[in-house]
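Undergrad: Chain V is already provided as a structure; the job is to place chain W on it using the hints.
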Amino acid sequence: QQQVKQSPQSLIVQKGGIPIINCAYENTAFDYFPWYQQFPGKGPALLIAIRPDVSEKKEGRFTISFNKSAKQFSLHIMDSQPGDSATYFCAARDDYKLSFGAGTTVTVRA
Amino acid sequence: DAGVTQSPTHLIKTRGQQVTLRCSPKSGHDTVSWYQQALGQGPQFIFQYYEEEERQRGNFPDRFSGHQFPNYSSELNVNALWLGDSALYLCASSLGTGDQPQHFGDGTRLSIL
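Line by line, the protein sequences are chains V and W.
Counting along the first sequence from 1, when you hit position 27 you're at 27 in the working numbering, and nothing is skipped either side.
Remember, the working numbering sits 110 above the position in the second sequence when you count from 1.
Please keep in mind that the hints were generated in silico from the structure rather than gathered at the bench.
Keep in mind that this is a model prediction, so the values were computed, not measured.
Glycine is no exception: its CB is placed at the ideal position from the N, C-alpha and C atoms.
A couple of the hints might just be wrong.
Once the Cα atoms are required to be at most 35 angstroms apart in a straight line, the calculated DSBU-like pairs of lysine-lysine come out as [to be verified]:
1. W/Lys123 x V/Lys42
2. W/Lys136 x V/Lys68
3. W/Lys123 x V/Lys97
4. W/Lys136 x V/Lys42
5. V/Lys58 x W/Lys136
Here are a few chain V residues that face chain W, going by a calculated C-beta distance under 8 angstroms [unchecked claim]:
6. Gly16
7. Gly17
8. Pro34
9. Lys42
10. Gly43
11. Pro44
12. Leu46
13. Ala49
14. Phe89
15. Asp95
16. Tyr96
17. Lys97
18. Leu98
19. Gly101
Chain V with its partners taken away, still in its complex shape (with noise of 0.2 angstroms):
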């Protein structure tokens, strides 16, 4: 079963606007949550990624918040821009292993 809930499936947001995505998880095992942007044709590669005893974490345009209480993080991506456009997954390691929600598939339009 996914361990890691992402939502929502794909969202479409005008350039300069805030595409927000969320991930849900059980596992109180999971001790680091890094989230991936993959481009078609291509691998996921690494954007940020934080621990749960910090709240927020910020890098360049991309922000990560974390509500550990209710098992939930999510990503926000500033001022969007057209080549943002990717599919964006959450995910959430525990014992070496990481467990990736289903992936978000972000559209900014110019």
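TA: Positioned in the frame of chain V, the structure of chain W alone reads:
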């Protein structure tokens, strides 16, 4: 600095055949993980190799096996292929300390006819 490299990029096989996929980890990495990504889905963990041994395994049958060589490169073998094995097979490398991120290659697209 070479990233994770995988070969071949594409492969077509028929049901019942066997296949071997190859992966060279990013320079400095000693751990290799394999994932299967079906179309429109997130990657699913197959197994991880460290110090030439399988360290952890996901929910995949014994038809899926692997190997890691002394130079840290790795192979994924799949026997008795069936249509459901059609997917993108991804290799990810990391440092073996367990607290380091995994970096992915671009995968091998396997199609079963």
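Undergrad: Given a cut of 8 angstroms on the nearest C-beta pair, is the interface hint for leucine 46 of chain V held or broken against chain W?
TA: This interface hint holds because 5 angstroms falls under the 8 angstroms limit.
Undergrad: Return the status of the interface hint for glycine 43 of chain V: holds when the least beta-carbon distance to chain W is below 8 angstroms, violated otherwise.
TA: holds (4 angstroms)
Undergrad: Against chain W, run the beta carbon of glycine 17 of chain V and see if the smallest gap drops under 8 angstroms.
TA: For glycine 17 of chain V, the interface hint is violated, since the closest Cβ of chain W sits about 24 angstroms away, which is over 8 angstroms.
Undergrad: Minimum Cβ distance from leucine 98 of chain V to chain W below 8 angstroms?
TA: Check passed: Cβ of leucine 98 of chain V comes within 6 angstroms of chain W, closer than 8 angstroms.
Undergrad: Does the nearest C-beta of chain W fall within a distance shorter than 8 angstroms of the C-beta of proline 44 of chain V?
TA: holds (5 angstroms)
Undergrad: For the pair supplied as a hint, lysine 123 of chain W and lysine 97 of chain V, confirm whether the alpha-carbon distance does not exceed 35 angstroms.
TA: With a Cα-Cα distance of about 29 angstroms, the restraint between lysine 123 of chain W and lysine 97 of chain V holds, given a limit of 35 angstroms.
Undergrad: Check whether the Cα positions of lysine 58 of chain V and lysine 136 of chain W lie no farther apart than 35 angstroms.
TA: holds (26 angstroms)
Undergrad: Going straight from one Cα to the other, do lysine 136 of chain W and lysine 42 of chain V come out at no more than 35 angstroms?
TA: holds (16 angstroms)
Undergrad: Hint check: is the beta carbon of lysine 97 of chain V less than 8 angstroms from a beta carbon of chain W?
TA: holds (5 angstroms)
Undergrad: Regarding the hint that tyrosine 96 of chain V lies at the interface with chain W, is the smallest CB-CB distance below 8 angstroms?
TA: OK, holds: tyrosine 96 of chain V within 8 angstroms of chain W, min 5 angstroms.
Undergrad: Holds or violated: lysine 136 of chain W with lysine 68 of chain V, Cα cutoff 35 angstroms?
TA: holds (32 angstroms)
Undergrad: Holds or violated: the hint that phenylalanine 89 of chain V contacts chain W, with Cβ atoms closer than 8 angstroms.
TA: holds (5 angstroms)
The structure is inconsistent with the numbered hints 6 and 7, although it conforms to all the rest.
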